[in-house]
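J.: Using the sequences provided together with the hints, build the complete structure.
As given, the protein sequences belong to chains X and P, one line each in that order.
With this note's numbering, the residue at position 224 of the first sequence is 224, and numbering never jumps.
With this note's numbering, the residue at position 252 of the second sequence is 1252, and numbering never jumps.
In case anyone wonders, no lab produced these hints; they're calculated from the structure.
For each residue, glycine too, the CB sits at the ideal point set by N, CA and C.
If a hint is listed, it holds; no wrong ones were tucked in.
Keeping only pairs whose Cα atoms sit at most 27 Å apart, straight-line, the calculated DSS-like set for lysine-lysine is:
{"id": "1", "chain 1": "P", "residue 1": "K1145", "chain 2": "X", "residue 2": "K10"}
{"id": "2", "chain 1": "P", "residue 1": "K1260", "chain 2": "P", "residue 2": "K1206"}
{"id": "3", "chain 1": "P", "residue 1": "K1035", "chain 2": "X", "residue 2": "K190"}
{"id": "4", "chain 1": "P", "residue 1": "K1209", "chain 2": "X", "residue 2": "K442"}
Here are the computed distance ranges between Cβ atoms for each label pair:
{"id": "5", "chain 1": "X", "residue 1": "V90", "chain 2": "P", "residue 2": "H1050", "range": "29 to 35 Å"}
{"id": "6", "chain 1": "X", "residue 1": "L32", "chain 2": "P", "residue 2": "D1013", "range": "53 to 59 Å"}
{"id": "7", "chain 1": "P", "residue 1": "I1033", "chain 2": "X", "residue 2": "L450", "range": "42 to 48 Å"}
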Amino acid sequence: MLTNSNELFKFSRLIIVWLSIIFISVWAACYLFGFLIPHIILSMGSGDVFNFAAQLFQYLTPVIAILVFIPINAMFMVLVERRGLALFTVRMGPNRVGPDGLLQTAADAVKLLFKEDIIPTGADGLLFTLAPIIFFAPSIFGSIPLLAAITGNSDWFAITNLPTGIFFMVAASSVPVVGIVMGGWASNNKYSLVGGLRSAAQAISYEIPLVLSLLTICYLSQSLNVIEISDRQTGGFLNWNIFGGGALSGLDKYLAAVINGSENAGEILKMYYPQNSILTVIAVIALIFATVTAFFMYLTAACAEVNRIPFDLPEAESELVSGYNTEYSGIKFAIFFLAEFTNLFIVASIASVMFLGAGSSPIPQFVVDYVLTHVPAVSGLLNQLTALLSPLMNQFYILNPATFWSVFWMVIKTYSLVLFAVLVRGTLPRFKIDQLMDFSWKRLIPISLLVFFIAILSKGVFFTNV
Amino acid sequence: MATELTTTNLKTDEMIINMGPQHPATHGVLRLILKLDGEIVRHVEPVIGHLHRAQEWQGQNRTLFQYQALIDRVDYLSGMFTSLAFAHACEQIDGCEVPPRAQYLRALVCEMNRISSHLLWLGTFLIDLGALFGFPFYPFREREKLLDLFEEIAGQRMMFNYIRIGGVIRDPKPTWFEKVRKFTQEFPDRIDEYEAIVTQNPIVLKRTKDVGILDKQVAFDYGVSGPSLRGSGVNYDLRKVRPYGIYPDLNFDVPLGQNKGDTWDRYMCRILEMRQSNELIKQCLDKMPEGEILGKKQIAGLRIKAGEGFSAIESPRGVLGCYVISNGSDKAYRIKWRNPSFCNLAVLPSLLIGRPISDIMAIFGSIDVILPDVDR
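T.: Right under this line is the structure:
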């Protein structure tokens, strides 16, 4: 029974408004640096100097995009978190600043910027200042390889295409704990110290299941490159890594062939599943089981990695006041806060890229094809739209359809996971530190090893031809 | 440079942490001086008195009529009970008659107050377990309804000043009883809702089962009372053991902890008590007689006879005692409170020694201490 449908409507409106703000501003920055300024420079003259200057601006585009994106996105996520929790707990949430509370977090950000920046007595000033920076920096450089995957390998972000992207991101995501320990240690506060040490223990324990679950996917995709991984998953939800890491793509092709009335449907099935027997069915089921388990283990470990409830021991409010950031105020606290939410966004988008098909549409390609060929109204409408928008696309780069749809699906998937994290926060209490360790070392790590083993076995033995 | 780093030459020390009085989870202003070995608590010393308001002294220096308005603040979450204890003691001295309708109204509002107090406890207990923003706010939805009902009869939401010497001050309208009945019909569903989220939640079970086991004998030794005692399986409820008011006429069982007196038992005990109170409210509504509501005129120069009286009632936190000596003037000669939270808090250190930091708040939350009630 939905009693607060009005609040739900306001919540959705808030999400849509803020997402438009975020993506219009990011697009504007990208357009400026990736297209407009280089063109102006090139129009001024030709030669090596001008070419170099134009290229320099193009190379800067990913960095600018991220720098514009992170603060606005963090503000949006804080607002979504607060309003979302209010929605779950029959409250109103912040609704005073701006129309319907839309500007609440912007006001909070301004307030934090102008607050006094206090370094407590006895604190180590250098480490104390360095800690938020070390905590925040990885979320900038760690998220760069994601950009290409998110935007469907758009040429603005081609430079970010790392061959070992996922490795780089995982490596970057393990840096922030240094900042937490540093901040906790330098604060000259016992609560901070306990929080920092807890964080170190937690990060070490939970990185292993996190990496092992990602490793399963990397093995199934036979790549560390996020773009290759996301390209393998295009063409409908059957190809997504969460459903067996491509184990169902044969089924996808077979269904497509059947729907098109092709005669070689059986051959396609034979090609994808060479050992056409009950063992193949078992292997497919085992693979799906392995990847679904890996997905949920990734979510669990990622929750611990970004210190979210139920794993928010480093800042356990009812025990340690605020944990490692107890002593922080003003801009430094704002940076901690910013990085925390950015990390949440990054782990959510890694989950979308690795498991949920990155920017690919969940609708199977054969369904799209079937609708386009058999329902003339839809295809006619699409053609008209394309004709209408093509001058815009071609001349101003405004709506590159590939990039647009890629970002569109990516945003939906990532924010669904973010909202899931908010829901978890609104539902679960906190673990104890010993239970947290037990959960990681006695449950998650053995299971993730088992899942990895199952994946290797099923893939290696029964899908040798693929 | 071959110094080996072993546990023998690694110097470790106990760390002293001052938890509170400004800690977000100490339910107000309790200060705990903790000696920690890593995360394990080795020594606890509760420091109280930060919220001392000299309630007893104020009672001796204000007229009884004035003091009636103050005693809700002794335990601000169960104002009806503190008023009731004081009224009982004064009526014992004065010998004035309390009309039956007033008796029933008192039981009715007290049981409602017990529910509202336990609901707030449920929320804060879950916050203590670390569920910071989620279901802690659900209980407030029902509590809000109860507070609205209190507001309608008493004019105030927390400091009611409703139960007076000789009866109650206002007779509710018939529509109010209808609202209360509606609440009692809805309430079991809501409790089911909370239980569905909390009671079998694996993390809650992990955090509460076998944590803070309160032995019967230890509980007796420290004078623990209320749901914290009954969670250990001791059937001691003043409503049954030493019935007062109209409780002999009401039909109810005292819920007891089924396990061994751990945090989960105390939690369960309070949940069952809320259901129990709901039934009691229904019975009060059914049996509510007509008639007078006040046996003593409420005037500024309110006086009671000389003498002394002691009353003990079962408040949401345990045995609430009030001892009054009157010399026949409009002021009490001496007032002494026996507060359940004070005695329950005393048992805290024995429960905490040897437990990790995370358990401090789970255990502290489960014995439901209200700091104004401790300090007075």
